[in-house]
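Next come the chains, spelled out residue by residue.
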Amino acid sequence: MTRDPSHYVQPDASEPRIDRLWSNVSERLEGRSGRGWRWLALSGALAAAAGGVLLWQGAAPPAGSSLQVAPADAAKLQSAAEPLAVTLLDGSKLSLAARSEVSLQRNQPAAVSLSLARGRVDLDVVPRPERRFEVRAGDVEVRVVGTQFSVQATPEAGGLRVEVRVQHGAVEVVSARRPGVVARVVAGQTWLQRPGVDAASEELPPAAPTALASEAPSKPEPVSAVAPSASAAVGPSARELFERAGASRRAGDATGAARAYEELLRLYPGDGRASLAAFELGRLRMDRLGDSAGAIAALERAVALNVGPSFREDALARLVSVYAAQGNFAACGRARDRYLASYPAGVHAAAVKTRCGGR
Amino acid sequence: MMRARAPKPQSEQPPSPSGAGATADNPPTGTGPSDAALVLAARAGEPWAREALFRRYARLALGLSYRIMPYDGEIDDLVQDSFLYAFERLDRLSNPQAFQAWLSSIVVRTAGKRLRRRRLQFRLGLRSPKPIDADEVISKAAPPDVAAELRSVYELLERLPSEERVALVLRRVERLEIPEIAEHMGLSVSTVKRRLHAAEERLSRARRP
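Sequences listed follow chains A and B, in order.
Note that the working numbering has the first sequence beginning at 756, numbered continuously upward.
Note that the working numbering has the second sequence beginning at -15, numbered continuously upward.
With the rest of the complex left out, here is chain A:
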């Protein structure tokens, strides 16, 4: 029997109470987020009234953080030496590369319009058929049909070199040099316009997949330089799959969660969430699904995808555990050495040393 006094003064900490508390905290967080938007909107209005712009410098938020931007008629987003992550009103995310500048001309539920002045912007756009989402770069206009793409504007002699790369879904590109012509660019394709080249567009090879070959994305559909402007059906985005996995996990559906993570890894191997999805998949396979071989594959993949430092440490420690549980002591020893080489004073170091059959 413990003699710790705190053990004998305990509130009701039942799951329903925890659920209710979380529900309240979550709602209040969203509410405060809404108030923040109003404040930012006011800032935008004041800036506009003063004849200026709402200016965010890339150095302001810490690296890896995200900035929320409220509806504002004139907002200029400018990154310094570090990239700048921005979340728009509808949840769409922009990632502004270092030393880039984009003007947010409209940020309303019905329409979002951006103008890229220089540098590169990567976009993860929440699909909404009723909302028009456009990005302009010089005389090129990109209409968003799908979800993930980037636009790069590079000043060259005679004008802007504009490059549109699509990672997922599709966009439509219109150039003032070819009025009435709509180019549809789909996942894996790149559209390029150089200054001085009359109304030409060309396709570049798609970027090399970053994932293991076995889970690389399917080959993109053929490009059609001019396509109808109707929106194509788009599958779940990486964000949706990640959230679906999280919801399944919270509901206790480990199989459903694993399926969503697997789908994310298959469809979006280069997405920023892929490494974390691989880690979570490994954890689920190891802890809940009893699939040690699958857990090893996923955890190794998380490590290969450069999952964040803390997750990496956990992933490496888990690999030691799962190899040990398999009785594969040679692999366990290698995993142990790899962990200790990276984290000689890590939180799992003491325990890891005792694994692998004591070898």
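Incorrect hints may appear among the rest.
Here are the computed distance ranges between Cβ atoms for each label pair [said to hold, decoys possible]:
#1 A/Ser778 to B/Arg143: 50 to 56 Å
#2 B/Arg135 to A/Ser1097: 38 to 44 Å
#3 B/Ala182 to A/Thr757: 25 to 31 Å
#4 B/Arg135 to A/Gly1007: 39 to 45 Å
These stretches of chain B come out as covered by chain A in the derived footprint (C-beta under 8 Å, 3 or more residues) [said to hold, decoys possible]:
#5 27 to 36
#6 43 to 52
Hint data in this document are derived by calculation from the structure and do not stem from the laboratory.
Note that beta-carbon positions come from the ideal geometry of N, C-alpha and C, so glycine has one too.
Please arrange chain B on chain A, whose structure you already have, making use of the hints.
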């Protein structure tokens, strides 16, 4: 039992499949991303990471809140306010792995503010003090000597100024060392010693027949 003291590294064991070892007040160790990873993800705006941190430490916050303010009707607000404060200021946490100790100090300081407000309301006649029912607060499973000590503390609490009260609970119930109490309360060690001395004096007087 999870204590409010500054944590040691979360786990000395590699993640285990079962997560066994979790208790009512003690978050499971080694069953997922580390606190640092969750804090970094939460800072990046990932709602799932905030929820994971909440679920990992909600019981710790509830327990600590209850032991300082054993009024079931108020600790929900205290816990919610503490997590909101923490989530909105995650960028200020210099060591993301220290989330647990940081959250504990937020709970302690938020409780102190609420207690000061309560005492002000008492003085203004806006509310009446309600004695703590020690029999309701202390588990019947407590060993007799532990129960007796807890009873003397909880029967005194409502009569103590806020800082003395919080310091006494952290010392007598949470069993924290004085420097830890000072860190949690945001006071100097010498101030904590004075507050504890005053509270212990009152406790001794209350125990006299």
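Here is what the structure says about each hint:
{"no.": "1", "hint": "A/Ser778 to B/Arg143: 50 to 56 Å", "result": "violated (36 Å)"}
{"no.": "2", "hint": "B/Arg135 to A/Ser1097: 38 to 44 Å", "result": "violated (51 Å)"}
{"no.": "3", "hint": "B/Ala182 to A/Thr757: 25 to 31 Å", "result": "holds (29 Å)"}
{"no.": "4", "hint": "B/Arg135 to A/Gly1007: 39 to 45 Å", "result": "holds (41 Å)"}
{"no.": "5", "hint": "27 to 36", "result": "holds (count 7)"}
{"no.": "6", "hint": "43 to 52", "result": "holds (count 6)"}
Violated hints, in rising order: 1, 2; the structure is consistent with all others.
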